[in-house]
Amino acid sequence: MEIKDLPAVKNNVISEHIREAFSEMGRTSLFGIRFFKEAFSPPYEFKELLLQCYNIGFKSLFLVSVTGFIMGVVLTLQSRPTLAEFGAESWLPGMVALSLIKEIAPVITALICAGKIASGIGAELGSMKVTEQIDAMEVSAINPFKYLVVTRVMATTLMIPLLVVFAGAIGMLGSYAGFNIHNHISVFRFFSKAFESVGFDDLIPAIIKTFFFGFAIGIIGCYKGYTASQGTESVGKAANSAVVTASLTIFIIDMLAVQIIDLL
Amino acid sequence: MTESINIIEIKGLRKSFGDNQILKGMDLNIRKGENVVVLGKSGSGKSVLIKCIVCLIEADEGSIKVFEKDITQLDNTELNEVRLKMGFLFQNAALYDSMTVRENLDFPLRRTHKDLSEQERETMVISALSDVGLEKSIDKMPSELSGGMRKRVGLARSLILKPEIMLYDEPTTGLDTVTSREISELILEMQNKNKTTSIIITHDMACAKLTGDRVVVFKEGVIAAEGTYDELERSNDIWVKSFFN
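Keeping their order, the protein sequence lines are chains A and B.
Residue numbers for the first sequence follow our numbering, beginning at 2 and rising by one.
Residue numbers for the second sequence follow our numbering, beginning at 313 and rising by one.
Hints were generated in silico from the structure; no laboratory data involved.
Check the hints yourself; a few may be wrong.
Cut-off 25 Å, straight-line C-alpha distance, at most; resulting in silico cross-link-like pairs (SDA-like, lysine to any residue) [unchecked claim]: (1) K38/A / E538/B; (2) K147/A / E538/B; (3) K381/B / I143/A; (4) K323/B / E538/B.
Chain A on its own, in the form it takes in the complex (with noise of 0.2 Å):
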């Protein structure tokens, strides 16, 4: 090959790469429109479904606690020196609790969630793919989109706000805990003080697009291990392709979100 043909070379795949990022969400796209036909339409697996919100709601509680403690210990931590020094340490309280509910505790739990969850969800499906326990329950009559897909996609969607919710308030706990590091506050004072600031305007947009969240977690991970093809290497590859698509997806929809509520 000669070196003056190397960017055409370098064109051609790149534009392979973009026609397989088109493709790729168009098919998702389709796995999503499949869901919704088919989750509207009976049987419906109740059963299924309080497990999965189980494994996925409650499972996942430790995890999320730990990490919005953290989170509000943190930006405690970090904000109070700069607000002290324009004396506006009272306002701390109110601002931990605004960035929280707005932006750092649906945004990290739902990262935290696509890393644990959609993760969980590609491999679990993909192994079933690859060891055709999906083909088995398809020849036994059995619609495998429907128990497999309907519910886990359901459940993150229900679940995904409620753990959101959970971290937000964990956070504002941690949050208490730093600011009485370096100040003394009674509990009440301090959530007195912290929503003060924020409203229902505040909260309701913040909440609803964790529902996006939720169903982009789970429709992702769905979609990646249902469709993972043969061999025990695409089991990880579909883990690994959820995890980071999942991310990826919650970014932009937070990216819209806050678009949209900034027209509103």
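We have chain A already, so just place chain B on it with the hints.
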């Protein structure tokens, strides 16, 4: 006992994956009660054929009539009705690894026979497991079972729905000689007990000899030879002979 009615009729079946043409106009009829063994080199389309029969893989061309219904033309509900009359034993048994043996057997039963009580389902699960000699392993997880035991549980799970047709995808692959023979004998026993029609994909000639009424040899996506085991064993065709040496 083999009857003259064709329970499976395959005509002009074609399937390709990209440029790789696997099935090139396959014709095959299976009579009711018949046990047909399919032989062929790896990649000759044996597994693709049985996956087309249960619509796990969509055929490109041709018709597959099962119980006189062309399954390539059925909607999901009709297809599931046909699927309920078919059992499929996967190469690696495909047990649900998050469920116990009991749950593995109960799962398809619970979802497809909603009229059965819990007690009736439990009786059927125990009966199916005792047929394959594994009633003591009822509460074990698949990871606690050996390869042979997994195959037995897979067989019990397929047979619990009382299928009229059984499709076996290399039932003895990965097993030692003794266990392979046990599984082959079990397949034969279950065929006689349940009066099923079977297609058995195998590379194991002992299994083919024991379980097959008719043997079909695949070559490059079409049937190269067919007959009884003994007839094909005496064949002068070098390709056919290579399977029996």
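Please work out if K147/A and E538/B have their alpha carbons no farther apart than 25 Å. 41 Å, violated
Does the alpha-carbon distance linking K323/B and E538/B stay inside the 25 Å limit? 16 Å, holds
Hint consistency between K38/A and E538/B [alpha-carbon to alpha-carbon, up to 25 Å]: 46 Å, violated
Could you grab the alpha-carbon distance between K381/B and I143/A and see if it respects the 25 Å cut-off? Holds, because 20 Å separates the two Cα atoms, which is no more than 25 Å.
The structure fails hints 1 and 2 (numbered hints given earlier, in ascending order).
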